[in-house]
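Peer 1: Okay, here's what each chain looks like letter by letter:
Protein chains: 2
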Amino acid sequence: MMAGYFSGGMLPIRATFELFVRRLPRNRAYLVAAGLDQALEYLESLTFLGEDIDWLRNQPAFRRVSSEFFEYLRAFRFSGDVWAMREGTPFFPMEPMLRVSAPIAEAQLVETALLAILNFQTTIASKAARIVHAAGDRPVMEFGARRAHGLEAALLAARAAYLAGCVGTSFVEAGRKFAIPLSGTMAHSWILAAPSEAKAFSSYADLFDQQTVLLLDTFDVNVAVKTLIDAGLRPQGVRIDSGDLAAASRSVRDQLDRAGLTSTRLIVSGDLDEWKIADLVASRAPVDTFAVGTALATSDDAPALGGVYKLVELEEGGVIRKVMKRSEGKGTWPGAKQVWRSDEGGIAAGDLISLNDEPAPSSARALLEPVMRVGRRVTPQPSLEEARGHCRRAIGALPSRLRGLAAEATYPITRSAALATLTR
Amino acid sequence: MMAGYFSGGMLPIRATFELFVRRLPRNRAYLVAAGLDQALEYLESLTFLGEDIDWLRNQPAFRRVSSEFFEYLRAFRFSGDVWAMREGTPFFPMEPMLRVSAPIAEAQLVETALLAILNFQTTIASKAARIVHAAGDRPVMEFGARRAHGLEAALLAARAAYLAGCVGTSFVEAGRKFAIPLSGTMAHSWILAAPSEAKAFSSYADLFDQQTVLLLDTFDVNVAVKTLIDAGLRPQGVRIDSGDLAAASRSVRDQLDRAGLTSTRLIVSGDLDEWKIADLVASRAPVDTFAVGTALATSDDAPALGGVYKLVELEEGGVIRKVMKRSEGKGTWPGAKQVWRSDEGGIAAGDLISLNDEPAPSSARALLEPVMRVGRRVTPQPSLEEARGHCRRAIGALPSRLRGLAAEATYPITRSAALATLTR
Chain A
332 MMAGYFSGGM LPIRATFELF VRRLPRNRAY LVAAGLDQAL EYLESLTFLG EDIDWLRNQP
392 AFRRVSSEFF EYLRAFRFSG DVWAMREGTP FFPMEPMLRV SAPIAEAQLV ETALLAILNF
452 QTTIASKAAR IVHAAGDRPV MEFGARRAHG LEAALLAARA AYLAGCVGTS FVEAGRKFAI
512 PLSGTMAHSW ILAAPSEAKA FSSYADLFDQ QTVLLLDTFD VNVAVKTLID AGLRPQGVRI
572 DSGDLAAASR SVRDQLDRAG LTSTRLIVSG DLDEWKIADL VASRAPVDTF AVGTALATSD
632 DAPALGGVYK LVELEEGGVI RKVMKRSEGK GTWPGAKQVW RSDEGGIAAG DLISLNDEPA
692 PSSARALLEP VMRVGRRVTP QPSLEEARGH CRRAIGALPS RLRGLAAEAT YPITRSAALA
752 TLTR
Chain B
332 MMAGYFSGGM LPIRATFELF VRRLPRNRAY LVAAGLDQAL EYLESLTFLG EDIDWLRNQP
392 AFRRVSSEFF EYLRAFRFSG DVWAMREGTP FFPMEPMLRV SAPIAEAQLV ETALLAILNF
452 QTTIASKAAR IVHAAGDRPV MEFGARRAHG LEAALLAARA AYLAGCVGTS FVEAGRKFAI
512 PLSGTMAHSW ILAAPSEAKA FSSYADLFDQ QTVLLLDTFD VNVAVKTLID AGLRPQGVRI
572 DSGDLAAASR SVRDQLDRAG LTSTRLIVSG DLDEWKIADL VASRAPVDTF AVGTALATSD
632 DAPALGGVYK LVELEEGGVI RKVMKRSEGK GTWPGAKQVW RSDEGGIAAG DLISLNDEPA
692 PSSARALLEP VMRVGRRVTP QPSLEEARGH CRRAIGALPS RLRGLAAEAT YPITRSAALA
752 TLTR
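Line by line, the protein sequences give chains A and B.
Start counting the first sequence at 332; every next residue gets the next number (our numbering).
Start counting the second sequence at 332; every next residue gets the next number (our numbering).
I should point out that these hints are in silico values taken from the structure, not numbers from a laboratory.
Just so we're clear, the structure is a prediction, and the values are computed from it rather than from any experiment.
Where hints are given, some of them may not hold.
[As the list claims (entries may be wrong)] DMTMM-like mimics (lysine to aspartate or glutamate), calculated; alpha carbons at most 20 Å apart, straight line: (1) B:Lys-661 / A:Asp-412; (2) A:Lys-607 / B:Asp-540; (3) A:Lys-653 / A:Asp-412; (4) B:Lys-508 / B:Glu-646; (5) B:Lys-530 / B:Asp-540; (6) B:Lys-661 / A:Asp-588; (7) A:Lys-557 / A:Asp-602; (8) B:Lys-607 / B:Asp-575; (9) A:Lys-530 / B:Asp-575; (10) A:Lys-661 / B:Glu-372; (11) A:Lys-656 / B:Glu-372.
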């Protein structure tokens, strides 16, 4: 398509694309915008290497494409403007979470990458928000690297989970790269490799000065907890990873308390998700921390987000053309848009989607903000910690019905009269 | 745990870990091993950078760890041996698809990465095999980059899909990196950006010498096909991406044939999966190629594979100790193992899981082969094309009942008497 725009003399056309979802995934009443930092990093660093250009040029499909096109690629940089929702912002179907305005060939090229980056982190952040909500005031750790869709996905899942309220990750590289708090525990292999469970526990606790978490379920949870008590250990925490977690947590808590280890924290793991956590919370299981892997790092009940990136506006020589597709069940709304959120008493009361050139409604906040101008990030961008704080506050300001696990509640989204008229 | 092995003087212990799944994911009657090439590449290239070591050393958890440990990391290389199933091999629960023997700290370190790499590609290859089977003799293209879990996942999903029988991908970078055949089509934005649909079609078809695929559903499929016929175009293919694909494909085929465009191929896309493809095939829709995105690149019905990596054997000073965990519902089988597959008349009749030091059964093939010795790949490794051929033959040699979409059939897996006795 870039070769087509180039060959057709269409490079002077400036295009605006918007990224949004048409409907909510299963079990979701809202989404949490995430991945913007990686998306902007991609746009800032995008170039074609000489070897890539040589490879493209040799593809049979390109045999009619002029050599000027490949020269154009050689000098290629993304020079567009980007507006986006802040990371951590809850959003809804048909609301653009990102808008790109750039020469048409540039805006087109970045479609797949922007979608892959933003769809994924938004998927994980939206799942993490549910899990964190289910855990109530108990912290949730992200433990899913081994089940993520490869190592890059593991890294970005840890980031998105932290953004949406998890307190840390077990993936050391994510801690290093994003300054996410790290916490892990031993594996069962540590116990199996030692001469005895007692020796396994005591050597680990000594090395890490009791600031560690001992794993209780390699053989028998109740024997293991007696073993660590008899050895005089006072670990920061213990973890149970299998069996009936509610029953085991009660029995372990009881044994620890009777031995005076009242400050030893109890961590549970093992195929947890928001529903199992809600059950454990409802059963008053004495769990201090939930560690969640597979369900979180893959968003297993809704692993894909149907984000799309659609052309809404063209400008050439000062003339603006607002466009839409009418495909059955996949139509779009024309024109560059803005999303306005109204509050009532500190709680979000509804959103308005309007054309970007309409006057601002009174007393509503614009959710799309400029984040990149002429290919360079607008500074300062919020840090991950700031985005995490924003996310906590913004989810806290949603109507409480939206946070229920059943995800049956809806939120009022209105289209402006001008947008409705233009669409018609 | 590495610091623990180091501090505890356990480095001389040689450990054997096996990677396997405990049960099949939903809707799967078999799995397809994939990702070995990336796993071995990871093991061969694994080192610690100086800056990473400095960062680790400053983590509060490591304050009691001796500086000798960090010197050990500085010289770290993976020096182990690896046995694995060839990529493309169908396998079943409790069968190790990979076995690592190495000094214990090395074998432990690589757990998370090996799982993330192999779980993911195996997930996608196993899904792709179902989709390819549903399509029968019609080719399936992988179109899912935008919905994959980030750009690395998109790249590896394209690879795994091709391995398991897809004919190509729309992700150009996957074509460049893995020599996977590329095929794509225009987006709706190409049509919207042009002065008219007729102009959009003809300029694209001219540039690519009719060797392209025109997208019909931006406004109205039947108008679009009339437009391209009236313009005298003879595109290689046309694509329908929305609406009732069976009805639209019949109407489009009919119009094309009546205009003499009998060799123009008909490609359909739009949230396809193996069940929707089976329905289209059953309804005799005149589709030539299926393009599958989201469902394939995320394995949306079963997005995570519960692969685990478990310690089975330890060796120190010539003394071997075979170990297992007994956790409730998560127990393992002890000892290094081999998997043997028997054929009857060219069809797989059953697998035997035995201890590696048992004599080979008569007339069965060993599925685990040596792929790395002392940290270096055994050469030659099969190319992606060879692995793809092996996959096609190996899936073709499964009992046909296993290939049904209902995935209700089972396959006989036997444990050797010696392994059963040892486990008891």
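Peer 1: Taking the numbered hints from earlier one at a time, note which ones the structure violates and give those numbers from smallest to largest.
Peer 2: 1, 2, 4, 6, 7, 9, 10, 11
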